Each structure stands twice: as C-alpha cells, then as structure tokens.
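Colleague: With chain A held as given, fit chain B onto it using these hints.
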Amino acid sequence: MNTYYKAGILTVIVFILGIIFGIWVDNYRLSAVRETLSEIDTNWNDARLLNLYIGRLGKDYCDLALEENLVYNDKIYKEGLEIERTVEANIFIPTLEQERRRYTLLQTQFWFNSQELKEKCNFTYKNVVHLYKQKDLTREIDIENKVQSSILLDLKEKCGNKIMLIPLAADLDLTVIDAVTKQFNITIYPAIIIDEKFAFQGLTSIDELESVVQCI
Amino acid sequence: MMILDIIYFAIFAVVSYLTFFHLILWVENKDKIVKKIKSGKLPSVSILVPAFNEENSIEDTIKNLLKINYPKNNLEIIVIDDGSTDRTYEITKKYEDKIKILRKENSGKASALNFGLDHAKNEFVAVVDADTLLEKNALRNCMKCFEEQNIVAVTSHILTKQKNKLIEKLQSIELMIIALTRKLKEELNLIDVTPGPLSVYRKKMLVDLGKFDENNLVEDVEIAWRILRNGYKIKMAYDAMVYSKYPSSLGKWWAQRTRWSIGGLQTLFKYLGCIFKKDANVVRTFLVPVSIIDYVFTIIGAAIFFYLAVNFLINNSLYLIKTIFMGVRSFYVNMNYSLDVFSVYGTILFISSLLLIKASLSNHKEKSSISSLIVFPLYLFLYRFVCIYSIYKFIKRERGWLTK
Chain A
426 MNTYYKAGIL
436 TVIVFILGII
446 FGIWVDNYRL
456 SAVRETLSEI
466 DTNWNDARLL
476 NLYIGRLGKD
486 YCDLALEENL
496 VYNDKIYKEG
506 LEIERTVEAN
516 IFIPTLEQER
526 RRYTLLQTQF
536 WFNSQELKEK
546 CNFTYKNVVH
556 LYKQKDLTRE
566 IDIENKVQSS
576 ILLDLKEKCG
586 NKIMLIPLAA
596 DLDLTVIDAV
606 TKQFNITIYP
616 AIIIDEKFAF
626 QGLTSIDELE
636 SVVQCI
Chain B
150 MMILDIIYFA
160 IFAVVSYLTF
170 FHLILWVENK
180 DKIVKKIKSG
190 KLPSVSILVP
200 AFNEENSIED
210 TIKNLLKINY
220 PKNNLEIIVI
230 DDGSTDRTYE
240 ITKKYEDKIK
250 ILRKENSGKA
260 SALNFGLDHA
270 KNEFVAVVDA
280 DTLLEKNALR
290 NCMKCFEEQN
300 IVAVTSHILT
310 KQKNKLIEKL
320 QSIELMIIAL
330 TRKLKEELNL
340 IDVTPGPLSV
350 YRKKMLVDLG
360 KFDENNLVED
370 VEIAWRILRN
380 GYKIKMAYDA
390 MVYSKYPSSL
400 GKWWAQRTRW
410 SIGGLQTLFK
420 YLGCIFKKDA
430 NVVRTFLVPV
440 SIIDYVFTII
450 GAAIFFYLAV
460 NFLINNSLYL
470 IKTIFMGVRS
480 FYVNMNYSLD
490 VFSVYGTILF
500 ISSLLLIKAS
510 LSNHKEKSSI
520 SSLIVFPLYL
530 FLYRFVCIYS
540 IYKFIKRERG
550 WLTK
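Line order of the protein sequences matches chains A and B. Quick note, in the working numbering, the first sequence goes up one by one and the last residue is 641. Quick note, in the working numbering, the second sequence goes up one by one and the last residue is 553.
Don't take every hint at face value.
Claimed, not checked - Only part of the chain A face toward chain B is listed, based on derived beta-carbon distances under 8 angstroms:
no., residue
1, A432
2, F440
3, S575
Unchecked claim - Computed footprint of chain B on chain A; a stretch qualifies when at least three of its residues, placed anywhere within it, have a C-beta under 8 angstroms from a C-beta of chain B:
no., region
4, 508-514
5, 567-573
6, 628-635
Stated by the list, open to error - Example chain A residues on the side facing chain B (calculated, C-beta under 8 angstroms, incomplete):
no., residue
7, T428
8, K431
9, G433
10, L435
11, V439
12, I444
13, F446
14, G447
15, R564
16, I576
Don't read these hints as lab results, they were simulated from the structure. The model shown is predicted, which means the values in this text are computed figures rather than measured ones. For glycine and all other residues, C-beta sits at the position ideal for the given N, C-alpha and C.
Next comes chain A alone, as it looks inside the complex:
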C-alpha cells in the first residue's frame, strides 16, 4: 500500500476516534449537568418541605430555612454557569434546551419559595430577578446582558445576604416566565424585577437598583 493511502487511512482513523471522543466528552458533560440538576431538584424539594414545615409548626426554623435558601441560591447560580460553559464547550450536543428550561424552572421555583419564606418569616431581604434573553442574541443585547450581570454581581457584593439574586432566561417558551413578563409589561431586555414590585427595563445602573434595594 502506498504512502498516500496509508496517510489517508491514518487520518480517517484519528478523525473518527476524535469524533467518538468528542461525542463522549459532550455526553459526559451533559450527564454531569443532568446529575447536578437532579441534585438541585432534591435540594429544592427539601427546601420546599422545610417551608411547608415552617408554615405548619411555627417560625422557629426560619433561620435554618434562610440558610438553606442561601445555599440553594449559591448552588443553582453555579449550576447556571456550568450549563453555559457546557453549551459553549459542546460541539456535537450544543444547545441543551431541555436542561436550560429545567434550570429556569428550578430558579423560578426558588424565586416563589423565596417570596413565601419572606412573608412567613418576615425577612427583609429583597428578591432581585434578572430577566435576560439568550437566543438569537445581537451583539448589543449580549454585551448588555454581561454588563447587567456585572452590575448585579457588584450589587450582591455590596448587599450580601440582603438580596437573593435570581437570573431567569426569558425566551425559553415557559408559560410561567411568559406570565411574569406579561404582568410586568417587560418588552426590553435585560430587565430587573425587585421584590415583585419594581421593574426596570434595559440596562439598569447600580445606583438605580440601590435606590430600590436600599441594602446599606
């Protein structure tokens, strides 16, 4: 067999092995995301049951519930980043549409639970919901999303546990998110809803947010 064919066969072998490896890595990352989502789901059920327990047996467990909520908030935020990383890194299974929807629902559940807990335990923290678009992004919206995230990270650093930061993708065809955007007449993204009362549309500065959050 001549060198031309040998090189061709070797290239095809390496190419196919590479693709098999690529698919395996993509799947591995996807499995990891799914596993963490399942774990968060369990955590969510735990937090939800704790909330029910507090509703029935009194407020002695409010601090514990708050602590759980904060841990959950942190965990789900990190998982959001992990999903985005997976979407960026995956080549053969890139969209993860279902995982994103599942993640957004978990975040929404967390938001509602956070409202309920606040009412039951008379907590003063503020729920800061960041609604953003993630599909068909123009350069302008993509940059504004990132700038808004940076502003919210600044706010979180300033306010600490006095705010619950909840990022929600608004364009995943989820009825509950559509209902929220309709209720607050949100048409421009990114948008921020604070404590289910104030809604900001478009890029919002830290000063504007602070004037409502008043965490200091």
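Modeller: Chain B in isolation, oriented as in the chain A frame:
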C-alpha cells in the same frame, strides 16, 4: 454544529493528512536519508553563478567554488553579471583567468541563468547563488545522485550559518525541517523545487524542456514542476551541504517570502490546467491540489482569524466602555477552558509535528535553542500572513523582485 466547527474539522483533516504523510515517509525511509551513495564517475559540470549587485558576497563564493573537491578539468565556473550597478563585475574580473565571466543587461535571474546556459559547454549545469558557500564535497555528492537517465535535477541540503538574530535562528530551523521533508518527498518524486543555492541539472534535458521561465519570480520552483510534469525525476543529495545567506531582518524576510509566494502562485496558475487531464502525474495528483488547498485554507484561516479578532476587539471594547460608563467594578472574564475534540486533534498534531521537527534537527550537529523552537510556531503563523499579502499582490498584479 456551527459552520466554524465544520471549517476547523476540514482544516484538521487536511493538515493532519499532510503531517501523517510526512511522518509515515519518515518512519519508512529514515534509514535511507543519510545513506551514502558510492562515488561513481564525475562528469563535467558548468557552474552558473548569476549575480546582481553582489559585491559583498561574490568574492567569497568564487573563492569557495575554486576550492571545492571536484576534478578541475571537469569543472567550468561561469559568473553571469546581470547588469550590476555596484562593484560585482570589478571583483569578478580579478578571477577571469580561472573563471568565465559573462555580462548582460539586467533582466532577472532566470534570464541570467538562460544566458549562462547558452554559454555552458558541459554535460551538467549547476546553479549556485552568488551568496552561497558549498561544503567541499557538495557538488561531488550531488553528482552521485544522477544514477538514472531520467533524473534531470539534483538538489542540495541548504542551511545557513547566520544564527545571531531570532529571525535567522528561525530560518535555520525552517531550513533543517525543509531539508528533511524534501528528502522524504524524494521517495515519491515530489521534490517541488530545485533551489538556487545549489541545484544540478542535465543540461540537454533542461534545454529541451525550454530552459528557465523568465516570467516567473521563482524560476527554481517552476522548472521543478516542469521537470516532474514531463515525467522526469528530481533527487536530493542530503549530504551535499551548502550555506546560503538569508534575510537578517523581518522586513527583508517579508519581502523575500512575498516574492516566493507570488512566484508560487504564478507556478500554480501555470499548471492549474493539468488538473483536468487524466494522468497519474504527481503535479496533477499532488502538487496542484495541495497548493490549491494550501492557499484556500490560508484565505479561510485568515478570514476566520480576522473575524474572531475583530469580534473579540469590538465586543470587549464595547463591554469595557459600557462597564466604565455604568460604574461597574466586577468584570466578566471568560477564562474557562473545556476539553473538546479540537484540543485532542491539536495535541495529536502538535506531537506529530514535534516528532518531525525532532527528526529534522537530529540530523544536524548544531543545536537549536529552546526559545527559538518555542517561537517557531509563531513564525509559521506569520508566514500565513505573507501568503495572504502575496495573494493580494498577485491579484493586483504587482510583481517585481520586492527585494533590494
């Protein structure tokens, strides 16, 4: 999968094919590379030295040629002064009792060579650049390779002794790699250039083939393609060492490589038509397709590079402006690295290339510094920009020597 991913896969497929091709050739032929050929008869050779404004180097070259280990009665040295405006002719004149000196109006290297060819009396002609020094046995070793009648040309092993500046060190590494890959390609009769520092031709066949193309900027590439296209062979004498001068500044290097690259395009376009013929000649089956792919991928690669670079610059500038405008302190920096199929392909290619580089360098006594080896990929990357610039110049039909 994005369109960019598909392009990356295609680029990987081609680059890895060519890398594996050379690796396989090396594995199968490494013992033959440095194999000495027994000395046969030493036929008469006319050495052609074209010179245009070579006052700084011509004397050394003449002295060197007068000292080489080759029967003097079988050797004719012809210096062709191609209308020099400096002291080249005066310097050459000092040796007129030992060499033949021809003088003509300036009309380019190929024309000077053809002029010299018309005056050469011997069976073989060796082309030697006016800034090249031959090792004592270089010509003798070249002549040993003319074992068969259909071998029309034999090239040499070109190196450089200039290794002070980084650009010189990088060219030195490049020359060693080229020498090995060229020798490996000999097995399949794929030597696609008979370089100016030292190449020897059968004179009659060279004349029959139409001599050097005076309209081509790289007559040494064009004649090699013509030899192969006509079914003849080119060999390389790996033990025929010659030392040539190479650009010592980035500007000169850029100009030289641009000229080579434009010449490469001229050659490619000259032989492009053969791709539609139905024969198994290597020019049609390998050289033309590989050249086309090389230029096409260079253009696509440059387009992707500029697209990504411009996107990166615009996005980050806008992000920075907006964050400053909004008084943000936390910056979003995406420094995440994730393992993917391209990392694996990249690693395989990197290791394969390292093996080839190691094989190339291991045949030489001189050691290359680690820092030069680290910078070498950047040098190859920069060369892609030369290709892009050459394509632009070629399209604009701006030809010329581009060198002083």
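Colleague: Indicate, hint by hint, whether the structure satisfies it.
Modeller: Now the hints, each set against the structure:
no.: 1; hint: A432; in the structure: holds (4 angstroms)
no.: 2; hint: F440; in the structure: holds (6 angstroms)
no.: 3; hint: S575; in the structure: holds (5 angstroms)
no.: 4; hint: 508-514; in the structure: holds (count 4)
no.: 5; hint: 567-573; in the structure: holds (count 5)
no.: 6; hint: 628-635; in the structure: holds (count 4)
no.: 7; hint: T428; in the structure: holds (5 angstroms)
no.: 8; hint: K431; in the structure: holds (5 angstroms)
no.: 9; hint: G433; in the structure: holds (7 angstroms)
no.: 10; hint: L435; in the structure: holds (5 angstroms)
no.: 11; hint: V439; in the structure: holds (6 angstroms)
no.: 12; hint: I444; in the structure: holds (6 angstroms)
no.: 13; hint: F446; in the structure: holds (6 angstroms)
no.: 14; hint: G447; in the structure: holds (3 angstroms)
no.: 15; hint: R564; in the structure: holds (7 angstroms)
no.: 16; hint: I576; in the structure: holds (6 angstroms)
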